[in-house]
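Trainee: Here is what each chain is made of, one letter per residue.
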Amino acid sequence: MILDNDIEILDGLEIAYIRTLDYIVATDLHLGYEDVMGSSGILIPKASLKMIKDKIQRAYDRFKPKGIIVTGDIKNEFSEVSLGEFNELYEFIRFLKDLSLDMIFIKGNHDNFIDRYKDAFKFKSYDQYVKIDRYLFTHGDVDLDISDIDTIIMGHEHPAVTIYTKVGAKRKYKCFLYGRCNKHRILVLPALGYYSTGTDLNIIPKSQILSPLLRRCNIDKLHAILIDGNESLDFGELGRLRYI
Amino acid sequence: MIPKRKILLIYLVNLKNMIKLVDKPFTEEESLSVLNHYVREWFRSKFKELTPPQLYTFKIISEGHNILVTAPTGSGKTLAGFLAIISKLIDLAERNQLDDKIYCVYVSPLRSLNNDIYRNLTEPIEEIYNMIKDRYGVELKKISIGIRTGDTTASDRQKQLRKPPNILITTPETLSIALSTTKFKEAFKTVRYVIVDELHELVSSKRGVHLSLSLERLQRLAENELIRIGLSATIYPLDEAAKFLVGLSNGEPRECLVVNAGWSKKFDIKTLSPARDLININETEIEDKAYKLINDIVQQHRTTLIFTNTRSGTERVVFNLKRRFGFKDEEIAAHHSSLSRNVRLEVEENLKKGKFKCVVTSTSLELGIDIGSIDDVIQVGSPKSITRAIQRIGRSGHSYKATARGQFIVMNRDDLIECSIMSYYGVNRYLDSFQMPRNCLDVLAQHIVGMAIEDVWDVDDAFMLIRSAYPYKDLSKEDYLSVLKYLAGEYVSLESRKVYAKIWLEDNRFGKRGKTVRVIYFQNTGTIPDEVSINVISLENKKWIGTIEEEFLEKLKPGDIFTLGGKLYKFQYSRLNNCYVVRSDSKQPTIPPWFSEELPLSFDLALKIGEFRRLMFDLVKDNIKELSIYANYRSANQRIKKVLDNLPTNDEGKEAILRYFVEQYKYCKEIGSDKEILAELTDNIDNKDTFYIIFHSLFGRRVNDTLSRMLSTILAEKLDTDIRILVNDNGFLFEIDSYFKDAIDKDTIEELFNEIINKDRLALLRRNIINTELMKRKFRHVAARGFMILRRYIERNITVRKQQLNAMSVLKVIKEEYPDFPILKETYREIFEDTMDIRNTEKILDLIKKGDIKVVFIKTRYPSPFSHNIITFGHADVTMIEEKRMQLRKLYNLVIKSIKEDDTR
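Protein sequences, first through last, are from chains F and Y. Just so we're aligned, residue -11 is where the first sequence starts under my numbering, counting upward by one. Just so we're aligned, residue 6 is where the second sequence starts under my numbering, counting upward by one.
There may be inaccurate statements among the hints.
For lysine-lysine, the following DSSO-like pairs were computed, each having C-alpha atoms within a straight-line distance of at most 30 Å [stated by the list, open to error]:
(1) Y:723 / F:160
(2) Y:781 / F:194
(3) Y:406 / F:158
(4) F:41 / Y:820
(5) Y:562 / F:209
(6) Y:575 / F:158
(7) F:41 / Y:490
(8) Y:575 / F:194
(9) Y:548 / F:43
(10) F:41 / Y:781
(11) Y:482 / F:34
(12) Y:820 / F:43
(13) F:34 / Y:520
(14) F:158 / Y:548
(15) F:34 / Y:820
(16) F:194 / Y:560
(17) Y:630 / Y:764
(18) F:194 / Y:572
(19) F:41 / Y:817
(20) F:38 / Y:830
(21) F:160 / Y:820
(22) Y:548 / F:160
(23) F:160 / Y:854
(24) Y:547 / F:209
(25) Y:490 / F:38
(26) F:194 / Y:548
Some chain Y residues close to chain F (C-beta under 8 Å, calculated; not the full set) [as the list claims (entries may be wrong)]:
(27) 290
(28) 291
(29) 578
(30) 581
(31) 793
(32) 794
It should be emphasised that the hints constitute simulated quantities derived from the structure, not laboratory data. Here a beta-carbon is modelled for each residue, glycine too, at the ideal position from N, C-alpha and C.
Looking at chain F on its own, in the form it has when it is part of the complex (with noise of 0.2 Å):
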């Protein structure tokens, strides 16, 4: 599905593609999921990582990129980092450059340790935004002065979206919000981990949004683009899909 001109997004998978950069975006990994559950005691059957890497495989082979940008939380714990998350983090690295993708992260605020791959594996990591073009890519969870941005690509937020049918049904859906907030452009990405199913946006209130830049904007007005199996549909605007 085509946005505007220069970003498109693959049916049915949670990535972006920038035409003009020839690189395409993911967000909220949380790779070492399973692992950093397991040491609390809840056993979760490993899957979060081979999807990921399916996904991009994908969208991959349908765009040949040049490089890849990761928009943050690209592992799941704040702070230590289990043997579980370092193999998996390793696993993942070597993936991308196994595809010879550039890569760009972007260090939410779970993701320091991210740099000691650094130099092996030549990526460049940014602190919370990198601005390409008419472009800033961020996390998502701190402010940032966005006066002479055309265009923000972030994540954080795990946009959702519940439909509740006429009889009573429940489905949630994960999905991309995209559209004007204010002078800018703006596309929330949904998370690619397996495990993180999302905020369902048109049910929670206004208020319970995470992001300081998401809510500067009149959310309502953004379009919920929802991702299901090899699917991608525009719902249109996400206000029109409270209460329904």
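Given the coordinates of chain F, work out where chain Y should sit on it, guided by the hints.
Mentor: Chain Y alone, transformed into the frame defined by chain F:
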């Protein structure tokens, strides 16, 4: 001297069938002759006679037989179980052979019962020892008694380890922990007797299944064959309960004698309808009359116990009795599980002392807590099972010689029929049967961890032991091995194994793995799930209003209105454990407050109701010319009158029943019964956008739940739409988009039944259930029981919130990657067998296939009378279409449609 009876007993136990009913009591002489002479002397000085159960138990237990006794309250149950054992221990003391060892283990599902028993045991033992000392100047070594439960302090536990009590009083959970405690293992070697109290509570629950494995583990540690004594309220079938108690030895049930003294009390049971006409009368009038009935009964008795089934009902009845009749706080009290432990204990204590005129309870007082003397039991609304009704009513009457009295007060016509049939069969001593959960893999996982802590096991030896517990007698080797593999960490990657694996498994042997396992087992053992309590918070002022249950939240969708603390709120959204609402001006809730609490009707009683419906309907049909919807039952013809007069129901009730049937016949000439499922296609008068198919299916809610899910899954796929389902005990309802109304006819319905008869029904149900909130919640419970999600881990409580996390995503992965994962398998089993009722549903489908149950289709303009309670009081869930993609398209269309409508406005 060999009593004649003994020869008979030996003969009995040699039969292939090891469970034998003993229906002739021994004489007092025979019974007392087996006791120690001091004990006999004490007993004679203390009691005039033996109670009915005692006339069996003294002798049978002394002679070393396993025994199951059903006994009513006030029949000296404690002594019936214990006196023969105390007698043997005093024998030992006389010979100076009473050591600091455990001789008897007493297990009760109720912690508070343990304190009662302790009191009821120490008292007679004190008396016996005092008598021996006073009269004979002999000082014997005291019999020691110890209580060990979750409340026992660490220092008391240590003391018990150093000096084990002769009689250990405990709960199922604590017993299973003690079995894995190194020092206790030693102390259990000498155990001879095990008493299981409140057996009727255990046989139908996972707690009981858990205990059944503990008993077999205890048997393995004991040097002698255990003598098992089961104490129970009235229960059916007795032989199944007995097998549960004694388990198997070499694949055959152990010997057990069964004594059914539960009916030694007389029962006086009545169903009371407050009015002749329960429909054309306004709500307040019915209520006025019902409360007057209740008050009249309460005033006639010293102490009355009232059951209401739900907590909200309990509060309402207490409130009304106070307001209407001026009951004071010290005369009336409420007792239910939402009240704090202290409040409940205080109510129990005061009830025991006879201080209250009346105590109102949801279900919490039906268990065997000693509540003193009750004169009468009132049940507001149906208790849903004959056995439960009898157990509750059996709490009244001061002694086993008194008459137990109980009345059902009914508020609607279905309840009226249900309670009338229930009281009829109760009076005639017919009980409905319990269902025991079988092959529960989560409970098994817990015990395997416990066993691994206890010892290193040969895989086959352990399998033998497990299969000797009755609920596991048919456990397949495959399932057993899958649990072993799961616990050994074979379902996760190698690097994670050291975190997850609780046991090692190699060379056909297994044992515990790692140091934390012992702690994990001690902290997490047990079968009662952590329920989430959801905070209800006002969006207007951010104030906390109260709590609701997770199960209740599952039923809510934004915009639904429910009551809490007497006020109405509109549900907005939920987040974590909070549910956000605004005040509502609406008059009526859209979701009734007892939605998640209602008990399901027992299958056996449902069939009896179906049978009554058929008989009564045929009579009405034969005599329709002389019957009007204002028929007077007194002037009805003799045949009709005879059937109605058989019911222990007041005249108002009989008349209401008759008119109900006449209305149904005159309206549509058909009715659902035990031989007919009536499918009625009709309009939804509240909403033209949808219509109803109402299935009058008289098999109780659990079968109806199962059946409706199977049928709706197929129909939803066929029509390619969502179907809303409402289920109750007398039927179920499909609410479908009006667009499809013309697509449904007789053939559609017949075809639906044909398809489920011929299809893989389990696969159908799995498909139906996988995306539901029910599945998520049950999965979380089973995962916690099976140690996949630890509730407590290394000094930390894992919040339920964390336990809840992503159940859906986890389920999806497991379903795809590890289809034979035991925790998933058990989740399905629990839902299909324990929550729903796949076994009886299969029976019904078989009868449909044979033509013994007919499926009849009719169309009506408005829903027929017998469907009104289904429409108004159903339990909702939603069948979803498997193809999520299609769903998305459809939702999309809905959204577009609603947007277009908005736009043209």
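Trainee: Check each numbered hint against the structure and report the violated ones by number, ascending.
Mentor: Hints 3, 9, 17, 23, 27, 28 and 30 are the ones this structure does not satisfy, whereas the remaining hints hold.
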